[in-house]
Structures are given as C-alpha cells and as structure tokens.
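Enquirer: Here the protein sequences come in this chain order: A and B.
Going left to right, the first sequence walks through residues 0 to 144 as numbering that gives the first Met the number 0 numbers them.
Going left to right, the second sequence walks through residues 0 to 402 as numbering that gives the first Met the number 0 numbers them.
Simulated from the structure, these hints should not be mistaken for lab results.
Some hints could be false.
[What the hints assert, rightly or not] Here are the simulated distance ranges between beta carbons: (1) I12(A) / V15(B): 19 to 27 Å; (2) E75(A) / Q13(B): 37 to 45 Å; (3) N138(A) / N337(B): 27 to 35 Å.
[What the hints assert, rightly or not] Footprint (simulated), chain A over chain B, 3 or more residues, beta carbon under 8 Å: (4) 340 to 346; (5) 352 to 365.
Quick reminder that beta carbons are idealized off the backbone N, C-alpha and C, glycines included.
One letter stands for each residue in the lines below.
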Amino acid sequence: MSDLDELYLEVIIDHNKNPRNNEKLENHTHEAKGDNPLCGDQISIQLIMKEDKVSDVKFTGSGCAISTASASILTEEIKGKSKKEIEKLFNGFHNLVTGNEENKDLGKLAIFEGVKKYPARVKCATLSWHALMAAIEGNEEATTE
Amino acid sequence: MIKGIESDFPVLSQKVNGKKLVYLDNAATTQKPKAVIKSIERYYNESNANIHRGVHALSQKATDLYENSRKNISNFINAESEKQIIFVRGATEAINLVANSHVRPLLNQNDEIIISQMEHHANIVPWQLICEERNAKLRILPMNQRGELILDSLGKIISKKTKFMAINHVSNSLGTVNPIEEIVKIAHQHKIKILIDGAQAVQHIPIDIQKIGADFYCFSGHKLYGPTGIGILYGKKQLLNEMPPYQGGGDMIKSVTFDETVYNDVPHKFEAGTPNISGAIGLSTAIDYIREIGIEKISKHESELLEYASKELNKIDNVQIIGNAENKASVLSFVIKNIHPHDIGTIMDSNGVAIRAGKHCTDPVMDFYCIPATARASFAAYNNKDDVDKLIKSVKKAIEVFG
Numbered sequence: 000m001s002d003l004d005e006l007y008l009e010v011i012i013d014h015n016k017n018p019r020n021n022e023k024l025e026n027h028t029h030e031a032k033g034d035n036p037l038c039g040d041q042i043s044i045q046l047i048m049k050e051d052k053v054s055d056v057k058f059t060g061s062g063c064a065i066s067t068a069s070a071s072i073l074t075e076e077i078k079g080k081s082k083k084e085i086e087k088l089f090n091g092f093h094n095l096v097t098g099n100e101e102n103k104d105l106g107k108l109a110i111f112e113g114v115k116k117y118p119a120r121v122k123c124a125t126l127s128w129h130a131l132m133a134a135i136e137g138n139e140e141a142t143t144e
Numbered sequence: 000m001i002k003g004i005e006s007d008f009p010v011l012s013q014k015v016n017g018k019k020l021v022y023l024d025n026a027a028t029t030q031k032p033k034a035v036i037k038s039i040e041r042y043y044n045e046s047n048a049n050i051h052r053g054v055h056a057l058s059q060k061a062t063d064l065y066e067n068s069r070k071n072i073s074n075f076i077n078a079e080s081e082k083q084i085i086f087v088r089g090a091t092e093a094i095n096l097v098a099n100s101h102v103r104p105l106l107n108q109n110d111e112i113i114i115s116q117m118e119h120h121a122n123i124v125p126w127q128l129i130c131e132e133r134n135a136k137l138r139i140l141p142m143n144q145r146g147e148l149i150l151d152s153l154g155k156i157i158s159k160k161t162k163f164m165a166i167n168h169v170s171n172s173l174g175t176v177n178p179i180e181e182i183v184k185i186a187h188q189h190k191i192k193i194l195i196d197g198a199q200a201v202q203h204i205p206i207d208i209q210k211i212g213a214d215f216y217c218f219s220g221h222k223l224y225g226p227t228g229i230g231i232l233y234g235k236k237q238l239l240n241e242m243p244p245y246q247g248g249g250d251m252i253k254s255v256t257f258d259e260t261v262y263n264d265v266p267h268k269f270e271a272g273t274p275n276i277s278g279a280i281g282l283s284t285a286i287d288y289i290r291e292i293g294i295e296k297i298s299k300h301e302s303e304l305l306e307y308a309s310k311e312l313n314k315i316d317n318v319q320i321i322g323n324a325e326n327k328a329s330v331l332s333f334v335i336k337n338i339h340p341h342d343i344g345t346i347m348d349s350n351g352v353a354i355r356a357g358k359h360c361t362d363p364v365m366d367f368y369c370i371p372a373t374a375r376a377s378f379a380a381y382n383n384k385d386d387v388d389k390l391i392k393s394v395k396k397a398i399e400v401f402g
C-alpha cells in the first residue's frame, strides 16, 4: 500500500463523509474548542462526565478529512472511559501519529498510523484530542500551535 | 514555455515522493536561479566586509556592491532616484515602517485608514496596531464575488477623517490585479497618501513606479527569484525626508552625543544596523536574471499557463475557482466540493506537485467566500504546460480518493 493509501484508509474516508456524533450535546458538563490557526480547522468537543467517566461525547465544527475522522472516531472510542484511561489513550495516539512508538493497544485508533509519514498532518489528527483534553481539564480552548 | 530556464534552478531537478518535483507554490516563494545563489557565494568568497564605514579596500568593495544593487533595483521599477529605495527585510517590514514612521505621527482619535477586503494580513495588522493605539479606525474597500474591488464605493468611504490608504497591487489569494493607477489617482484627488503592496506584482508585471504615482510601494525579494530576508520600500522623496527613523542604531546617524543625535540622510536613515548585504546583492542579481528573460515575456508566459489551467479546472465537476477577476496574475485558488484543501494538498504532494493549502494569510477573503481555506497553485517563469497537466491529474486523483 502506498503512503497515501495508508493515510486515507477507507475507514477514515468513511468517517470523514459520515462523521459520527457530529452534533451539539445537550446538557454537556464540559466543552472546549480546538483551533488550528494554520489551516483554519475548528472542532468543538462537548462531554458529559459522570463520576470521572465520559458518559457521552459529541463534536461540532469542520476540518479536513483527517481532523474530521479523528474527531468522529474519538467520540466512539472514549465513551465510558475515565480521565486516566483517556490520558493514556491520548499519549499512545500522539506517539503513534508522530512515529515515536509502535501501536500499543490503541484499538480502532491504530488506523491513524499512516499520519506518521506526514508530519504536516499530525496537528490535524490531534486537534480534537487537544480539545478533548482541554475540556476534561476545564479549559475552554486548545490550540495546536 | 520559456525554453531552457528550468535548468537554471537547481532545486527543481529533484524528486519528491518518487515523482519529479512540480513546484506550484510560487506565490509563497519562488525558487532561486543558479546566478543568484552564485552571486551570494561570490560575495562571501570575495567581498565580505561591513559597509559604509571601513577605509579598507574590501569594505569599499562591499559598499559598492550594496549601493549598486540599490541602483539596479531603483532602475528596475523606474524610481526617480536610488535614494528612494530603502532596504528592508521584506514587504511586511516595509509596511510596518510606513505605518510607524509616516502614518502613526499623523493619526488622531477617530481618524481612518482605508485598506481593501483582499489584503494580506501583512497589510492589515500593522494598520490595526496603530489604529488601536490611537483610537483610529480601519475602513474596508469592499470587493465583488469575482474578487474585484468595487471602486465606486471608494468615494463613499473616503472622508475628511481618512489619513492614509494601503492597497495591494495583486491579491495573493485571488490573483486579482487591482487598477492601482486609478486608485492612486482617486486617493490623490482627496489629498490622501497611499501605499501599494507589490509583493505579488513585481514578479509578474513591469513596474513603472513614477507612472503608478504611489507615495509608497514595497515588495519582497524572495518572491522575485531573490533570497529571503530582503525587500525594498520605495517612498516619495519629500515624505521619506520628513519621516522620523523607524529603528535606531548604527549607520542611520551622522553624529551621536548623549544629548543629541543627528540622523543620516535618506535612505540610510531607515537602515539601522548592518544590513542584509548579501541579500541585496542576491536580489539585484535576480533582477538581472529577470531582465535577461524579459518581464513582459514572463508575464505573457504565466498568463498563458493561468488561462490553460483555469480552462482545464473548469472542466472538472465540483471544482470551483475562487477569484475570477477580469485581470488576474498567476494565482489560481480553487476548492473542490466535499474535499478539504489540506487533503487536496497532501494528495498533490504525493504526486510531487507542491501547492499551498490554507487561508494564505487572508482570513477576511476566506470569510467573504464562506470557505475555510483554498488550494492555491501559482505559476512562475520556469513552469510549463506539463506542470499544469500534472496539477489537473492530481485534482482528478483527489476526487477519485474522496469520491
């Protein structure tokens, strides 16, 4: 498979076309906006946290295929997880897309491994994650810069 | 095609992602011909010294090279005198210089500065900074959907409060060539001074600064086949003489005591510290290179490429060209339905085609068209029809991947 095919896997293309949980979340307890000033991508993450666990999560905003698919898959992967588990997942994901570490129990997130060949796109893949971490920490904004 | 010049540019002979590099990001920066690279090398090998101060031969040699470069650039844009050419880091610094040294001292509360809807951030933010400080306002000359300035509305925007105007010659995100001679005329009818940002113009259009009549004109060397970190500001003699210095330091003074400093004459008054000597020489060499080919010939060649590329892009479903002005230069911005420009950029890159994807430092233009960004191809003298064909092929590939 070429580098390009590894980047734009069918699952990623699918999530870009039909993003999951792509709407406002009523009664959210946490919210943060992620901003990539370089390309203008903006993604907001909204969460409902119950007893330190994410009981629901949705996102709004627009971006490129990688940032949209990443946000979409994030919402599927973190539901039911605790803050600690999410932090671990984010670290693993960050290491995966920056090529620092092999895939370690990342589940579906492993499909973003192709990003490591495209350093300019790492920020796209991590934008929603930065917003998520900011939301959990109680901050309103995250930026990839 | 301008025959044989591609081989003048060493960087173009490389492969990117296994494909021959097709460089179509010229509005961001152009590649440098061997002559320019060699002139910089030769300067450091044979003539490096500090200028305007040494009594030794080498310093004189460096001074001559630097000052001759100024003269060459002055001739290139047909300035009245080389004393009106100030070396700066680039167009951005030139605009900041004018904002701070010319406009700022004149600006009072509620005064207004007019810029246009299609300015690069470099021709927005310096004005915002001084407006904020002085409680003055920015007024915006609007554009139509084709990306042309609506000159009819200029009369309504100009008022007694207008203290300055700053408009780009060519839009970096739309390619629009603005009717600057007409705009300058209107400004002067109202006794308003005007700066023209020529960063995207000098590499495509022959410039006769006296005919244009602008009070200030600026450009960056690196978009003109020259090195980065060098550019020029042209200013009307009287204005430059009246303006206070922009920065203080060595070389911009005649004498210094702790009580009083006497500033040097123009242009040295605006060139504090050791300047970018090799940059000035490199830019001068780039101008020689352009002169040898002929700017008219480059202009015609790029127009043909732009026309061909626009025609081919328009044939593809779901592709929309952003910026359809009657008079355009070398810049082709476009969007593809349901494909983000960043993804277009990555797919192009995998085919060796280098374009820019983003907002191009023109957020207000993106907001005007309600788009997050565009893909932008921009042509230079060394591009050819084959490059355009590869661009079009890559657009089709992007549609196929995301289809």
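Enquirer: Next step is simple, just say for each hint if it's right about the structure.
Expert: Status of the hints after comparison with the structure:
no.: 1; hint: I12(A) / V15(B): 19 to 27 Å; result: holds (24 Å)
no.: 2; hint: E75(A) / Q13(B): 37 to 45 Å; result: holds (42 Å)
no.: 3; hint: N138(A) / N337(B): 27 to 35 Å; result: holds (32 Å)
no.: 4; hint: 340 to 346; result: holds (count 5)
no.: 5; hint: 352 to 365; result: holds (count 5)
When held up to the earlier numbered hints, the structure conflicts with none and fits them all.
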